[in-house]
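S.K.: Sequence order for the protein chains is A and B.
Residue numbering for the first sequence follows my numbering, starting at 3 and increasing by one per position.
Residue numbering for the second sequence follows my numbering, starting at 780 and increasing by one per position.
Calculated directly from the structure, the hints in this document are not laboratory data.
For each residue, glycine too, the CB sits at the ideal point set by N, CA and C.
There's no promise every hint is true.
Unchecked claim - Here are some of the chain B residues that sit facing chain A, going by a computed Cβ distance under 8 Å:
id, residue
1, Leu857
2, Asp860
3, Gln879
4, Glu880
5, Gly934
6, Leu936
7, Val958
8, Thr974
9, Val978
To be verified - Have a look at the derived ranges for each label pair, beta carbon to beta carbon:
id, chain 1, residue 1, chain 2, residue 2, range
10, A, Ala182, B, Ser1036, 41 to 51 Å
11, B, Arg849, A, Ala182, 29 to 39 Å
12, A, Ala182, B, Pro869, 28 to 38 Å
13, B, Glu880, A, Gly118, 41 to 51 Å
As the list claims (entries may be wrong) - Residues of chain A placed beyond 10 Å of chain B at every Cβ, according to the derived structure:
id, residue
14, Lys95
15, Asp100
16, Ala101
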Amino acid sequence: MRRIVLWAMSTVTVLVLLFSYSTSRGSSAIVAAETRQVTTTSKTSDSTGSSSGSSSASSTDSSGQQPTGDATSDPSATSSDTSDTSGTSSAAKTFAGDAVLTRFGNVQVQITVQSGRITAAEVLQVPWNDRHDQMINSAAVPVYNEETVTAQSAQIDVVSGATYTWEGYTQSLQSAIDQANL
Amino acid sequence: MSRPVTRPRRSGDSHPAPAPGRRAWLEQIMGMPISIHLRGEDLDRVAAQDAVGAAFEVLREMDSVFSTYRDDSDLMRLRRDEVRISGCNPLVEEALRIGQEATVLTRGAFTTLLPTGEGDLAFDPTGLVKGWAVDRASLPLTELERISFCINAGGDLLIGAHREVPTAGPGAIAWRVGVEDPLDRRRVATTMTLTRGAVATSGTAARGAHLYDPRSGQLVGRPGSVTVTGPTLLWADIWATALFVGSEATSEAFATSATDYLSTAL
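The shape of chain B in the complex, shown without the other chains:
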């Protein structure tokens, strides 16, 4: 299923060895390239490779349950009424619950009921599965002593570290995150530095992409983006999507209920 995008460096070519203390892995899962980056000490240890493998395994499991591209996923079988929700992986019911909670919290600006090609609505938790999957996949990585990690899933990312890696001061491992300029993708509009936390960006590029606004039933095509940072990628991503399409009520809800999260609109 996953196909590597890149290949190992060949020895003897002209490239220098990677800077010490960084390694990265990349797989294609959930229809997108997902990379895991490690920084810290002794990155070649077996435990690190095992943890990365376990993280990718979580992502693949989430894909097998929630993929809308795979006819045999629990989600697609549910949508074809081949199985009841009680017969699905318990994650499906949890996704439904999270989606309902998100709809309430965002004042209707986030939904897991999306229009199908046939004009009706179907349960599609795609908008929350990615962030949730990355949050779950990060758990084995937090067990790696003296290591900080970043999971980058198609431009949404989660940074974390072992609990003994300091969050500030000497010994902290900080990641400089560039936020793409939605109007000119060559440029980085702003940067932020994190030692822990999620960064999710939702929006449209200059090339006419869209996000679905559940209240109007329309696709929002205005240019721009919203970036949300906070403890989990699940909720950062949900809020980024909601704030991009949402109204003033959504912004007020964000300010009052998502106090651990910060947003930046571009």
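The shape of chain A in the complex, shown without the other chains:
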């Protein structure tokens, strides 16, 4: 069987920080139209870096200021979330996965990568008009951590939420991860 060690998709519940990542794919337009909870900043210079981005992104959610993981978290990622003011490695970039056509419509996932880690996953497109709404009943972000998800300062091992079930989700996610060279 295929066995996969998970990438830590940590702190999905915090810090949703989407820089407009200008590429030929034109993904930022989709982002603005489709995603919730997005604070789009203009291309931020490295000197102002993630700290200014963080504060604007978390203006509606104070818990977004607390992306610190547990003691096992990557210290470099933690520091870049909070106080890093230098270095391109801390700049968050987004990668939109391919839009995957399922029998119900397109599914497209976008990830935000910071310091080599996925800090957020967003659903850009989902099919809503189908008879499988009982299964496909939300646009949740799957949270799979081998370490921890930190939310509102409480250590969380797993998250229960309304079912996110559709074909194509992981395919699109995989293509986003491929693009990010993770």
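Could you slot chain B onto chain A? The hints should help.
M.R.: Okay, now just chain B, sitting in the frame of chain A:
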């Protein structure tokens, strides 16, 4: 069929090794990502890997029988009248029986007869197959000494452990479960700590999803969610769905007949 979402860590990258005592596997089965998480001692033992493999195999078998996406599943062949129920995997008849029992117990708030695109009703046990499949898949994991596990199937989860792992006190392996805020998916609305048991959440997000209400024949689009905890994911999931769409009668039935289960409405 299943495609890995993620890939192994490369050696030499900047990430630290996983915290000791935790491992996770992920496969895409039944149209959703399903992850199995182990905590405890000696997680690299062959028996642990075999048990995880066996658990995923159960999930794949359930998918091959009940998938509504696969034309060759027993369920779809049954729905096309290509085969009688007696010619299907015995699990199909059991699903029918469980579904009927659930409809009675929930006072009609749960059904396995769902509307098709053509406007008629068809037997679709999707709403119970996931929880049931996870319950069945967990059995090999309970044989692993000194290990606690969590199976997360698209936000519904089952936590268990070997019978000798204590349920409380020193040596207990507790899982902190965050329940997503249905109105703001970035937030965790509440948390609960379990050493054994299922947690199922049904509901809709802010983005206009729906659950089917069999009594009205309508889709319920109000925001919110219901989380149910209890011994099995099969019944936790059934009750979570039923309580979300159901009426006062369903809530009363839950209180009187599902005494091992607790619900939280958000």
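S.K.: Next step is simple, just say for each hint if it's right about the structure.
M.R.: Results for each hint:
1. Leu857: violated, 18 Å
2. Asp860: violated, 20 Å
3. Gln879: B:Gln879 check fails; min Cβ-Cβ to chain A is 18 Å, beyond 8 Å.
4. Glu880: violated, 18 Å
5. Gly934: Holds. Min distance 4 Å.
6. Leu936: holds, 6 Å
7. Val958: The hint holds - B:Val958 has a Cβ within 8 Å of chain A, the shortest such distance being about 5 Å.
8. Thr974: violated, 12 Å
9. Val978: This hint holds: B:Val978 lies near chain A, its Cβ roughly 5 Å from the closest one there, short of 8 Å.
10. A:Ala182 / B:Ser1036: 41 to 51 Å: holds, 49 Å
11. B:Arg849 / A:Ala182: 29 to 39 Å: holds, 31 Å
12. A:Ala182 / B:Pro869: 28 to 38 Å: Distance hint for A:Ala182, B:Pro869 is violated at roughly 46 Å.
13. B:Glu880 / A:Gly118: 41 to 51 Å: holds, 50 Å
14. Lys95: At about 16 Å from chain B, A:Lys95 clears the 10 Å cut-off, so the statement holds.
15. Asp100: holds, 13 Å
16. Ala101: Non-interface label on A:Ala101 holds, nearest chain B Cβ at 17 Å vs cutoff 10 Å.
When each numbered hint is compared with the structure, violations occur for hints 1, 2, 3, 4, 8 and 12.
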